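S.K.: Following the hints, complete the assembly by docking chain B onto the known chain A.
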Amino acid sequence: MAVDVAVADAARPVRARRRFAIRPLLKPKIVLGGAIVLTLIVAGALAPWLAPFDPNAQNLDLALKPPQWLLGPHVLGTDAVGRDIFSRLFYGARVSLVIAVMVVLISGVIGVTLGAISGYFAGIVDFLIQKLVEVVWAFPPLLLAIAIMAFLGQGLRNLILALVMQRWISYCRVARGQALSLRTREFVDAARALGASNTRIIVRHIVPNLFQSAVVIGTFAMASAIISEAALSFLGLGVPPEIPTWGSMLADGRTYISTSWWLALFPGLCIFFTVLGINLLGDGLRDLLDPRLKRSGTGMG
Amino acid sequence: MAGYLLRRVIGTIPVILLITSLVFLLIHAAPGDPADLLLSDQATSQDIAEARHRWGLDQPFYVQYSRFIVNVLKGDFGTSFRYSDPVITVIGERLPATIELAIVSLLIAIALGLPLGVWAGAKPNSWADNLGSFFGFFGISMPNFWFGIMLILVVAGYLNWLPSSGRSTYGIARGSETGFYIVASLLAGNFLAAWDGVRHIILPAVALGTNMMGIIMRVTRSAVLEVMHEDFVRTARAKGVAESTVLWRHVLRNALVPVITVAGLELGTLLSGSIIVETVFAWPGSGSLLISAIESRDYPLITGTVIIYTLAFVAINFMIDILYGFVDPRIRFGK
Numbered sequence: 002m003a004v005d006v007a008v009a010d011a012a013r014p015v016r017a018r019r020r021f022a023i024r025p026l027l028k029p030k031i032v033l034g035g036a037i038v039l040t041l042i043v044a045g046a047l048a049p050w051l052a053p054f055d056p057n058a059q060n061l062d063l064a065l066k067p068p069q070w071l072l073g074p075h076v077l078g079t080d081a082v083g084r085d086i087f088s089r090l091f092y093g094a095r096v097s098l099v100i101a102v103m104v105v106l107i108s109g110v111i112g113v114t115l116g117a118i119s120g121y122f123a124g125i126v127d128f129l130i131q132k133l134v135e136v137v138w139a140f141p142p143l144l145l146a147i148a149i150m151a152f153l154g155q156g157l158r159n160l161i162l163a164l165v166m167q168r169w170i171s172y173c174r175v176a177r178g179q180a181l182s183l184r185t186r187e188f189v190d191a192a193r194a195l196g197a198s199n200t201r202i203i204v205r206h207i208v209p210n211l212f213q214s215a216v217v218i219g220t221f222a223m224a225s226a227i228i229s230e231a232a233l234s235f236l237g238l239g240v241p242p243e244i245p246t247w248g249s250m251l252a253d254g255r256t257y258i259s260t261s262w263w264l265a266l267f268p269g270l271c272i273f274f275t276v277l278g279i280n281l282l283g284d285g286l287r288d289l290l291d292p293r294l295k296r297s298g299t300g301m302g
Numbered sequence: 028m029a030g031y032l033l034r035r036v037i038g039t040i041p042v043i044l045l046i047t048s049l050v051f052l053l054i055h056a057a058p059g060d061p062a063d064l065l066l067s068d069q070a071t072s073q074d075i076a077e078a079r080h081r082w083g084l085d086q087p088f089y090v091q092y093s094r095f096i097v098n099v100l101k102g103d104f105g106t107s108f109r110y111s112d113p114v115i116t117v118i119g120e121r122l123p124a125t126i127e128l129a130i131v132s133l134l135i136a137i138a139l140g141l142p143l144g145v146w147a148g149a150k151p152n153s154w155a156d157n158l159g160s161f162f163g164f165f166g167i168s169m170p171n172f173w174f175g176i177m178l179i180l181v182v183a184g185y186l187n188w189l190p191s192s193g194r195s196t197y198g199i200a201r202g203s204e205t206g207f208y209i210v211a212s213l214l215a216g217n218f219l220a221a222w223d224g225v226r227h228i229i230l231p232a233v234a235l236g237t238n239m240m241g242i243i244m245r246v247t248r249s250a251v252l253e254v255m256h257e258d259f260v261r262t263a264r265a266k267g268v269a270e271s272t273v274l275w276r277h278v279l280r281n282a283l284v285p286v287i288t289v290a291g292l293e294l295g296t297l298l299s300g301s302i303i304v305e306t307v308f309a310w311p312g313s314g315s316l317l318i319s320a321i322e323s324r325d326y327p328l329i330t331g332t333v334i335i336y337t338l339a340f341v342a343i344n345f346m347i348d349i350l351y352g353f354v355d356p357r358i359r360f361g362k
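Which chain is which? The protein sequence lines are A and B, in order.
One rule links them: number in the numbering used here = place in the first sequence (from 1) + 1.
One rule links them: number in the numbering used here = place in the second sequence (from 1) + 27.
Only chain A is shown next, with the shape it has when bound in the complex:
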């Protein structure tokens, strides 16, 4: 929205100053999004203490009990084998968060490094890295992840690999573009004149300048990683079934959709609000840090 305000300002210089003062008010996006993300982190981190039941404790006598709200122990009801939905949601938050954070960090490191190298050296290195980007980019986003899981099998490591495969490229493309223009700047020339090696220039002078964009891309990548993880778990291609995740809870819920609505409603709400929160946060951060990315980060993919 900063861009929009800036455009409006350019056209109506008289109101420019007043418009600019509204800018801090745009922070509600960041505050609301941040609050949701923080809740997620707390819920995930403190799951063993906050969850009233063991997420895997089965009790067939209590199978498919509807939500008891505040009137009983099973606040949001139980699933087909009597496991407490409310407790499983806490542990699901933990799994989603850990996977998403790892995916974002790993793909960020790979993408920014390759992008910086690609843009800094240009020439044949750039050509090869960009061909690789082009090939991965050619796969429809979730399809590559589905194919990887289908061939390599379920499991946390494969899941993270599958999600990283598609996500490092958005960092790489943006980092490359910025590195291409940074390499001709005076401070890079100065560093080179002082005898700095290429590695040193990339690590100390190029990469720090790519950080802001990487943060913005990272937030959107996190939202899409959470959706993709849930989608893969929903399809039975995620982590092993004994680990509670929102996606696999949803898959269970689909089976009992005609009789037990609560199985599908609550995990889905969790995914939706988490992704909404992260997208709000990302949008707010982008407006503040890097308005140039306005078009590229659609929050999906």
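If you are wondering where the hints come from, they were derived from the structure by calculation, not from laboratory data.
Computed from a prediction, not measured in an experiment: that's the story for all the values here.
We treat Cβ as the ideally placed atom computed from N, Cα and C, and that holds for glycine.
Watch out, some of these pointers could steer you wrong.
[To be verified] Stretch by stretch, here's where chain B covers chain A in the computed footprint (C-beta under 8 Å, at least three residues): (1) 142–149; (2) 232–242.
[As the list claims (entries may be wrong)] The calculated label-pair distances, taken between Cβ atoms and stated as ranges, are: (3) 124(A) with 349(B): 27 to 33 Å; (4) 85(B) with 132(A): 28 to 34 Å; (5) 158(A) with 120(B): 17 to 23 Å; (6) 194(A) with 161(B): 51 to 57 Å; (7) 123(A) with 349(B): 36 to 42 Å; (8) 64(A) with 45(B): 47 to 53 Å; (9) 86(B) with 194(A): 53 to 59 Å; (10) 120(B) with 200(A): 52 to 58 Å.
[As the list claims (entries may be wrong)] Here are some chain A residues pointing at chain B (derived, C-beta under 7 Å): (11) 32; (12) 33; (13) 135; (14) 262; (15) 280.
M.R.: Below, chain B alone, put in the same frame as chain A:
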């Protein structure tokens, strides 16, 4: 123009080769021998040895690799275990259902996203903008598989307005429900079947299109915001052109280029989304085919579907590039 087209076509060839190579590597990275994977569970060790020979798995890696590439280029993905038909035939039967669903989803996304984006962009910070932005965030944050389940729960289950799964009610289709069902029924004069097809496609198309709707809304909004302050808009207003004509004729036409680009790029998301939405709604397309192939470990079918989906995506991107070149001639010569 011919030179530009030729350059673009030649440019996609290495990408297609590399995509196929990546899939080949993936099959070989799978735990276990490909012969174990590619044969059904009932195969004896003799069958496996024979298959290894027949598929050239006892050959050196580069021979296997070139053979795989040649077969793919010939459109030969082997035979599906489950259907005992050539993979390409099995996928071909299911593809129209996916294309039909994708097109209807895209239409819904454009029909809702474009006007919302234009209204929001024309009056920033108004109630229209807030409403539009709400739909935008809703669209990009909503996991389509959950939205699908909720639509089934409320619209199909609780309200009982629309059917929850499949492409047609049993019996109405009079035989085959493959192909472009709605259009084919209309052409055959079977209006009952066409109406039935429309009723079946609404829920999955809404679930699949919501994402795209959000994206289109957001891109249109920012594109309109930028164009609104161009000189030609002021000129049009100064000439006394009605505000709605300015908005829908002058502004929207110029804002369309980024919208087309992003919509094209996001078609890949729509394609992958169809895999999961088809599964939710038991839609008999190639996406649900892929998932059932994975469940039954039908590896030739998985390989074929993955490659065909990807080639379709490459083809779509190619066409978007061409379209883009037509809309904005600068693209052709620039770079």
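S.K.: Next, verify each hint and record whether it holds.
M.R.: For each hint, the structure was consulted:
1. For the stretch 142–149 of chain A, the assignment as covered by chain B holds, since 6 residues bring a beta-carbon within under 8 Å of that chain's beta-carbons and 3 suffice.
2. Given a C-beta distance limit of less than 8 Å, the hint that chain B covers the stretch 232–242 of chain A holds, as 5 residues qualify and 3 suffice.
3. Take residue 124(A) and residue 349(B): their Cβ atoms lie about 29 Å apart, and the range 27 to 33 Å holds.
4. Against the hinted window of 28 to 34 Å, the Cβ-Cβ separation of residue 85(B) and residue 132(A) comes to about 32 Å, which satisfies the hint.
5. Taking 17 to 23 Å as the suggested C-beta distance range, the pair residue 158(A) and residue 120(B) does not conform, at roughly 36 Å.
6. Remark: the range hint 51 to 57 Å for residue 194(A) to residue 161(B) is upheld by a beta-carbon distance near 54 Å.
7. Checking the proposed 36 to 42 Å range against residue 123(A) and residue 349(B) shows it is violated: the Cβ atoms sit about 28 Å from each other.
8. Checked against the given bound of 47 to 53 Å, the beta carbons of residue 64(A) and residue 45(B), roughly 50 Å apart, stay inside it.
9. Range check, residue 86(B) to residue 194(A): about 55 Å between beta-carbon atoms, so the 53 to 59 Å window is met.
10. Checked against the given bound of 52 to 58 Å, the beta carbons of residue 120(B) and residue 200(A), roughly 55 Å apart, stay inside it.
11. Violation of the interface hint for residue 32(A) is found here, the shortest Cβ-Cβ separation to chain B being roughly 15 Å, above the 7 Å cut-off.
12. Taking 7 Å as the C-beta contact cut-off toward chain B, the hint placing residue 33(A) at the interface is violated, the least distance being around 11 Å.
13. About 6 Å separates the beta-carbon of residue 135(A) from the nearest beta-carbon of chain B, less than 7 Å, and the hint is met.
14. Here the hint on residue 262(A) is kept, as its CB sits about 6 Å from the closest CB of chain B, short of 7 Å.
15. Interface hint at residue 280(A): satisfied, since its Cβ lies 5 Å from the closest Cβ of chain B, which is below the 7 Å cut-off.
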